[in-house]
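Student: Produce the entire structure from the sequences given, and follow the hints as far as they go.
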Amino acid sequence: NAGVTQTPKFQVLKTGQSMTLQCAQDMNHEYMSWYRQDPGMGLRLIHYSVGAGITDQGEVPNGYNVSRSTTEDFPLRLLSAAPSQTSVYFCASSSRGPTEAFFGQGTRLTVV
Amino acid sequence: GENVEQHPSTLSVQEGDSAVIKCTYSDSASNYFPWYKQELGKRPQLIIDIRSNVGEKKDQRIAVTLNKTAKHFSLHITETQPEDSAVYFCAAEGGGGTSYGKLTFGQGTILTVHP
Numbered sequence: 018n019a020g021v022t023q024t025p026k027f028q029v030l031k032t033g034q035s036m037t038l039q040c041a042q043d044m045n046h047e048y049m050s051w052y053r054q055d056p057g058m059g060l061r062l063i064h065y066s067v068g069a070g071i072t073d074q075g076e077v078p079n080g081y082n083v084s085r086s087t088t089e090d091f092p093l094r095l096l097s098a099a100p101s102q103t104s105v106y107f108c109a110s111s112s113r114g115p116t117e118a119f120f121g122q123g124t125r126l127t128v129v
Numbered sequence: 010g011e012n013v014e015q016h017p018s019t020l021s022v023q024e025g026d027s028a029v030i031k032c033t034y035s036d037s038a039s040n041y042f043p044w045y046k047q048e049l050g051k052r053p054q055l056i057i058d059i060r061s062n063v064g065e066k067k068d069q070r071i072a073v074t075l076n077k078t079a080k081h082f083s084l085h086i087t088e089t090q091p092e093d094s095a096v097y098f099c100a101a102e103g104g105g106g107t108s109y110g111k112l113t114f115g116q117g118t119i120l121t122v123h124p
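First to last, the protein sequences are chains A and B. Numbered according to the working numbering, the first sequence spans residues 18 to 129. Numbered according to the working numbering, the second sequence spans residues 10 to 124.
Any given hint could be a false lead.
What the hints assert, rightly or not - Which stretches of chain A does chain B cover? Using the computed rule of at least three CB atoms under 8 Å from a CB of chain B, they are:
1) 60 to 69
2) 82 to 96
3) 108 to 115
4) 120 to 126
To be verified - With beta-carbon atoms standing in for the labels, derived distance ranges:
5) A:P92 x B:D26: 43 to 49 Å
6) A:R94 x B:T87: 43 to 49 Å
7) A:I71 x B:S21: 41 to 47 Å
8) B:S37 x A:D55: 24 to 30 Å
9) A:M58 x B:Q90: 26 to 32 Å
10) A:T103 x B:K51: 17 to 23 Å
11) A:E76 x B:A79: 23 to 29 Å
12) B:S37 x A:T37: 22 to 28 Å
13) A:G33 x B:D26: 49 to 55 Å
14) A:I71 x B:G10: 17 to 23 Å
15) A:V29 x B:H81: 38 to 44 Å
16) A:R94 x B:E88: 23 to 29 Å
No lab work stands behind these hints, which were simulated from the structure alone. Cβ coordinates follow ideal geometry from the N, Cα and C atoms, glycine included.
Tutor: Right, here's the structure in full:
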């Protein structure tokens, strides 16, 4: 049982490049979400999904896109990377609840 | 939307002492309050949680209290050990409908336990 798996673990992008952070879970959880973690600011919600085909914006959605075509996968797309998007990104999933959220191992993204 | 404030931002204690971290929330509809521990370079992991129909919950050296009227909740760690050193986050979720699956986190507390 792998839990929540994120790829890649590290990434360096140039300003203006696009990329997709991958997130997959094998626990059949309905809820999935993306957070970014910056020093002194805790974790802030970017986008979330309560099921396949349903997504909504969180606190800091600008510059990011998501889709949820399957229960297992919830990719996060950076459309045109900016230095302000340098951060650690965590994907999380949870079952219908509210109940415990399980986090992926994180992706450390640097935009230069 | 929900807003969660967490204090203190740093906490330094001697091994064996108790540590208390406090959080306040703004949305009275929130009904689930987890606490996460994050070690350096690792993912956040749940250590304890409490639901709005419970006032206190304990798990060995860790306890959480909730005051719904005042909209605050606290984490208590007794007999602290050096391995308790980490960043601790409180969070709030709930309120029904589209609020499920959305955690709002506090800013975090860096706990250092000195041997």
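Student: A separate judgement is required for each hint: does it hold in the structure or not?
Tutor: Verification of the hints:
1. Using a Cβ-Cβ cut-off of 8 Å, 6 residues of the region 60 to 69 of chain A lie near chain B, which meets the minimum of three, so the contact claim holds.
2. Chain B is given as covering the region 82 to 96 of chain A, and this is violated because 0 residues of the stretch bring a CB closer than 8 Å to a CB of that chain, at least three being needed.
3. For the region 108 to 115 of chain A, the stated coverage by chain B holds: 5 residues have a C-beta nearer than 8 Å to a C-beta of that chain, and at least 3 were required.
4. Residues of the region 120 to 126 of chain A lying with their CB closer than 8 Å to a CB of chain B number 4, which satisfies the three-residue condition for coverage.
5. For the pair P92 (chain A) and D26 (chain B), the beta carbons lie near 45 Å from each other, so the given range of 43 to 49 Å is met.
6. Distance hint for R94 (chain A) and T87 (chain B): a CB-CB separation of about 45 Å, consistent with the stated range 43 to 49 Å.
7. Under the hint 41 to 47 Å, the C-beta atoms of I71 (chain A) and S21 (chain B), about 44 Å apart, fit the expected range.
8. Between S37 (chain B) and D55 (chain A) the Cβ separation comes to about 28 Å, which falls inside the hinted range of 24 to 30 Å.
9. Roughly 28 Å separates the CB atoms of M58 (chain A) and Q90 (chain B), a value that falls within the hinted 26 to 32 Å.
10. The hinted window of 17 to 23 Å between T103 (chain A) and K51 (chain B) holds, with their beta carbons roughly 20 Å apart.
11. Take E76 (chain A) and A79 (chain B): their Cβ atoms lie about 24 Å apart, and the range 23 to 29 Å holds.
12. At roughly 38 Å, the beta carbons of S37 (chain B) and T37 (chain A) sit outside the given window of 22 to 28 Å.
13. The hinted window of 49 to 55 Å between G33 (chain A) and D26 (chain B) holds, with their beta carbons roughly 51 Å apart.
14. For the pair I71 (chain A) and G10 (chain B), the supplied restraint of 17 to 23 Å holds, since their beta-carbon distance comes to about 19 Å.
15. At roughly 41 Å, the beta-carbon separation of V29 (chain A) and H81 (chain B) lies within the given 38 to 44 Å, and the hint holds.
16. A beta carbon spacing of about 46 Å between R94 (chain A) and E88 (chain B) contradicts the range 23 to 29 Å that was offered as a hint.
Consistency note: the structure conflicts with the earlier hints numbered 2, 12 and 16.
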